[in-house]
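Engineer: The sequence shown runs 0 to 223 under numbering that gives the first Met the number 0.
To be clear, the hints were calculated from the coordinates, so they are not data collected in a lab. None of the values given here were measured: they were computed from a predicted structure. Keep in mind that the hints are not guaranteed to be accurate.
With a straight-line Cα cutoff of 25 Å, these simulated SDA-like cross-link-like pairs (lysine to any residue) come out [what the hints assert, rightly or not]:
{"no.": "1", "residue 1": "Lys117", "residue 2": "Ala53"}
{"no.": "2", "residue 1": "Lys117", "residue 2": "Ala167"}
{"no.": "3", "residue 1": "Lys117", "residue 2": "Phe185"}
{"no.": "4", "residue 1": "Lys117", "residue 2": "Thr10"}
{"no.": "5", "residue 1": "Lys23", "residue 2": "Ser43"}
{"no.": "6", "residue 1": "Lys58", "residue 2": "Thr10"}
{"no.": "7", "residue 1": "Lys117", "residue 2": "Gln217"}
{"no.": "8", "residue 1": "Lys23", "residue 2": "Val105"}
{"no.": "9", "residue 1": "Lys114", "residue 2": "Ser92"}
{"no.": "10", "residue 1": "Lys114", "residue 2": "Asp155"}
{"no.": "11", "residue 1": "Lys114", "residue 2": "Asp136"}
{"no.": "12", "residue 1": "Lys23", "residue 2": "Thr4"}
{"no.": "13", "residue 1": "Lys117", "residue 2": "Ala95"}
{"no.": "14", "residue 1": "Lys114", "residue 2": "Gly181"}
{"no.": "15", "residue 1": "Lys23", "residue 2": "Glu7"}
{"no.": "16", "residue 1": "Lys23", "residue 2": "Arg3"}
{"no.": "17", "residue 1": "Lys114", "residue 2": "Thr206"}
{"no.": "18", "residue 1": "Lys117", "residue 2": "Glu19"}
{"no.": "19", "residue 1": "Lys114", "residue 2": "Gly212"}
{"no.": "20", "residue 1": "Lys117", "residue 2": "Gly181"}
{"no.": "21", "residue 1": "Lys114", "residue 2": "Val47"}
{"no.": "22", "residue 1": "Lys117", "residue 2": "Leu55"}
{"no.": "23", "residue 1": "Lys117", "residue 2": "Ala93"}
{"no.": "24", "residue 1": "Lys117", "residue 2": "Thr4"}
{"no.": "25", "residue 1": "Lys117", "residue 2": "Arg162"}
{"no.": "26", "residue 1": "Lys58", "residue 2": "Val47"}
{"no.": "27", "residue 1": "Lys58", "residue 2": "Gly115"}
{"no.": "28", "residue 1": "Lys58", "residue 2": "Thr4"}
{"no.": "29", "residue 1": "Lys23", "residue 2": "Glu89"}
{"no.": "30", "residue 1": "Lys23", "residue 2": "Gly42"}
{"no.": "31", "residue 1": "Lys114", "residue 2": "Leu188"}
{"no.": "32", "residue 1": "Lys58", "residue 2": "Ala30"}
{"no.": "33", "residue 1": "Lys23", "residue 2": "His1"}
{"no.": "34", "residue 1": "Lys114", "residue 2": "Arg3"}
{"no.": "35", "residue 1": "Lys23", "residue 2": "Thr85"}
{"no.": "36", "residue 1": "Lys117", "residue 2": "Asp41"}
{"no.": "37", "residue 1": "Lys117", "residue 2": "Ala147"}
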Amino acid sequence: MHHRTVGELMTRNVVRAPREMPFKEIVELLAENDVTAVPVVDGSGHPVGVVSEADLLRKSSGQADPAGRVPIPHPEAWERAKTEGTRAGELMSAPAVCARPEWGVVEAARLMAAKGVKRLPVVDEADQLLGIISRADLLRIFLRHDDAIREEIERDVLRRTLRLAPSAVTVDVREGEVTLRGAVEFRSLVPVIERLCRSVDGVVSVTEHIAYGADDTQGPATAA
Numbered sequence: 000m001h002h003r004t005v006g007e008l009m010t011r012n013v014v015r016a017p018r019e020m021p022f023k024e025i026v027e028l029l030a031e032n033d034v035t036a037v038p039v040v041d042g043s044g045h046p047v048g049v050v051s052e053a054d055l056l057r058k059s060s061g062q063a064d065p066a067g068r069v070p071i072p073h074p075e076a077w078e079r080a081k082t083e084g085t086r087a088g089e090l091m092s093a094p095a096v097c098a099r100p101e102w103g104v105v106e107a108a109r110l111m112a113a114k115g116v117k118r119l120p121v122v123d124e125a126d127q128l129l130g131i132i133s134r135a136d137l138l139r140i141f142l143r144h145d146d147a148i149r150e151e152i153e154r155d156v157l158r159r160t161l162r163l164a165p166s167a168v169t170v171d172v173r174e175g176e177v178t179l180r181g182a183v184e185f186r187s188l189v190p191v192i193e194r195l196c197r198s199v200d201g202v203v204s205v206t207e208h209i210a211y212g213a214d215d216t217q218g219p220a221t222a223a
């Protein structure tokens, strides 16, 4: 099976900001390129952080409300430093949480979730910036057509990997939701089929109605 990699899904033409880029130029950079965040790079082009709209908005949130309706927040020291910052290197969220181009969607998604970030700069072995991948990029695998998903399951999962006859298990895919029907020789094969189908890019869910001829999951004591 071919799993789409970060390198295939990422945006390659990356807008970036040097450490010394002033606040207003960062705002203009985001607006001109219709993006919500950019990697911040050092003199060698290595990503050292990411500056986003959320980082920039701390500048406004730290100001007093002219109408007096909202109290002035009491930020932590690091938040106060960002509020007072004027350059990308002072405003950015650091260090940069990066991905590698050979990673799969699962690895990138788990890192985003673990670090609480919406995008990952993608770097090579020399830490050079290759691209950037966002949550929206990862979700693109769910735009695959149902026919493409069905054909991959039938060809790569059921025939090539599991060596099942074409008539053993039928596959129906609607809006990424897979339904399997049929019969196999051993019960232990059923969860294997389900797990492999779930790993196919674009699959939202898997429901199986697969019968089996022999239950090979019972231990000697239970069988007795």
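Engineer: Hint by hint, note whether the structure agrees.
Structural biologist: Verification of the hints:
Proximity of Lys117 to Ala53 is assessed by CA-CA distance (about 11 Å); at most 25 Å being required, the pair is judged to hold. Only pairs whose Cα atoms come within 25 Å are accepted, and Lys117 paired with Ala167 is rejected, the gap being roughly 42 Å. Taking the CA atoms of Lys117 and Phe185, the gap is about 43 Å. The hint is violated against a cut of 25 Å. At roughly 14 Å between alpha-carbon atoms, Lys117 and Thr10 fall within 25 Å of each other, so this suggested pair holds.
Of the pairs offered as hints, the one joining Lys23 and Ser43 holds, with about 23 Å between alpha carbons and a cut-off of 25 Å not exceeded. Under the criterion of a C-alpha separation no larger than 25 Å, the hint pairing Lys58 with Thr10 is inconsistent with the structure, at around 28 Å. For the suggested pair Lys117 and Gln217, the alpha carbons sit about 45 Å apart, so the restraint of at most 25 Å is broken. With a C-alpha separation of about 36 Å, the suggested pair Lys23 and Val105 falls outside the 25 Å cut-off, and the hint is violated.
Distance restraint check for Lys114 and Ser92: the Cα-Cα separation of roughly 12 Å lies within the 25 Å cut-off, and the hinted pair is therefore satisfied. Distance hint between Lys114 and Asp155 is unfulfilled; the C-alpha atoms sit about 34 Å from each other, more than 25 Å. For the given pair, Lys114 sits about 17 Å from Asp136 by alpha-carbon distance, which is consistent with the 25 Å threshold. Taking the CA atoms of Lys23 and Thr4, the gap is near 35 Å; set against the 25 Å cutoff, the hint is violated.
Simply put, Lys117 and Ala95 have alpha-carbon atoms about 12 Å apart, close enough for the 25 Å limit, and the pair holds. Among the hinted pairs, Lys114 with Gly181 is inconsistent with the structure: their alpha-carbon atoms are about 42 Å apart, more than 25 Å. Annotation: proposed proximity of Lys23 to Glu7 is violated, straight-line Cα distance about 33 Å (limit 25 Å). With a C-alpha separation of about 37 Å, the suggested pair Lys23 and Arg3 falls outside the 25 Å cut-off, and the hint is violated.
For the suggested pair Lys114 and Thr206, the alpha carbons sit about 32 Å apart, so the restraint of at most 25 Å is broken. The suggested pairing of Lys117 with Glu19 holds, with an alpha-carbon distance near 24 Å, which does not exceed 25 Å. The suggested pairing of Lys114 with Gly212 is violated, with an alpha-carbon distance near 46 Å, which exceeds 25 Å. Between Lys117 and Gly181, the direct Cα distance comes to roughly 41 Å. Violation of the 25 Å bound is thereby established for this hinted pair.
Using a Cα cut-off of 25 Å, the hinted pair Lys114 and Val47 holds, with the two alpha carbons roughly 16 Å apart. At most 25 Å may separate the alpha-carbon atoms for a hinted pair to count; Lys117 and Leu55 meet this at roughly 16 Å. For the given pair, Lys117 sits about 14 Å from Ala93 by alpha-carbon distance, which is consistent with the 25 Å threshold. For the given pair, Lys117 sits about 17 Å from Thr4 by alpha-carbon distance, which is consistent with the 25 Å threshold.
Simply put, Lys117 and Arg162 have alpha-carbon atoms about 40 Å apart, too far for the 25 Å limit, and the pair is violated. Of the pairs offered as hints, the one joining Lys58 and Val47 holds, with about 21 Å between alpha carbons and a cut-off of 25 Å not exceeded. Proximity of Lys58 to Gly115 is assessed by CA-CA distance (about 21 Å); at most 25 Å being required, the pair is judged to hold. A hinted pair counts as satisfied when its Cα atoms are at most 25 Å apart, and Lys58 with Thr4 does not qualify at roughly 37 Å.
Taking the CA atoms of Lys23 and Glu89, the gap is near 13 Å; set against the 25 Å cutoff, the hint holds. Between Lys23 and Gly42 the alpha-carbon distance is near 21 Å, which keeps this suggested pair within the 25 Å criterion. A C-alpha spacing of about 36 Å is found between Lys114 and Leu188, which places the hinted pair above 25 Å, so the restraint is violated. Our distance criterion of 25 Å between C-alpha atoms is met by Lys58 and Ala30, whose separation comes to about 17 Å.
Annotation: proposed proximity of Lys23 to His1 is violated, straight-line Cα distance about 44 Å (limit 25 Å). Of the pairs offered as hints, the one joining Lys114 and Arg3 holds, with about 22 Å between alpha carbons and a cut-off of 25 Å not exceeded. With a CA separation close to 9 Å, the supplied pair Lys23 and Thr85 stays within the 25 Å bound. Annotation: proposed proximity of Lys117 to Asp41 holds, straight-line Cα distance about 22 Å (limit 25 Å).
With a C-alpha separation of about 28 Å, the suggested pair Lys117 and Ala147 falls outside the 25 Å cut-off, and the hint is violated.
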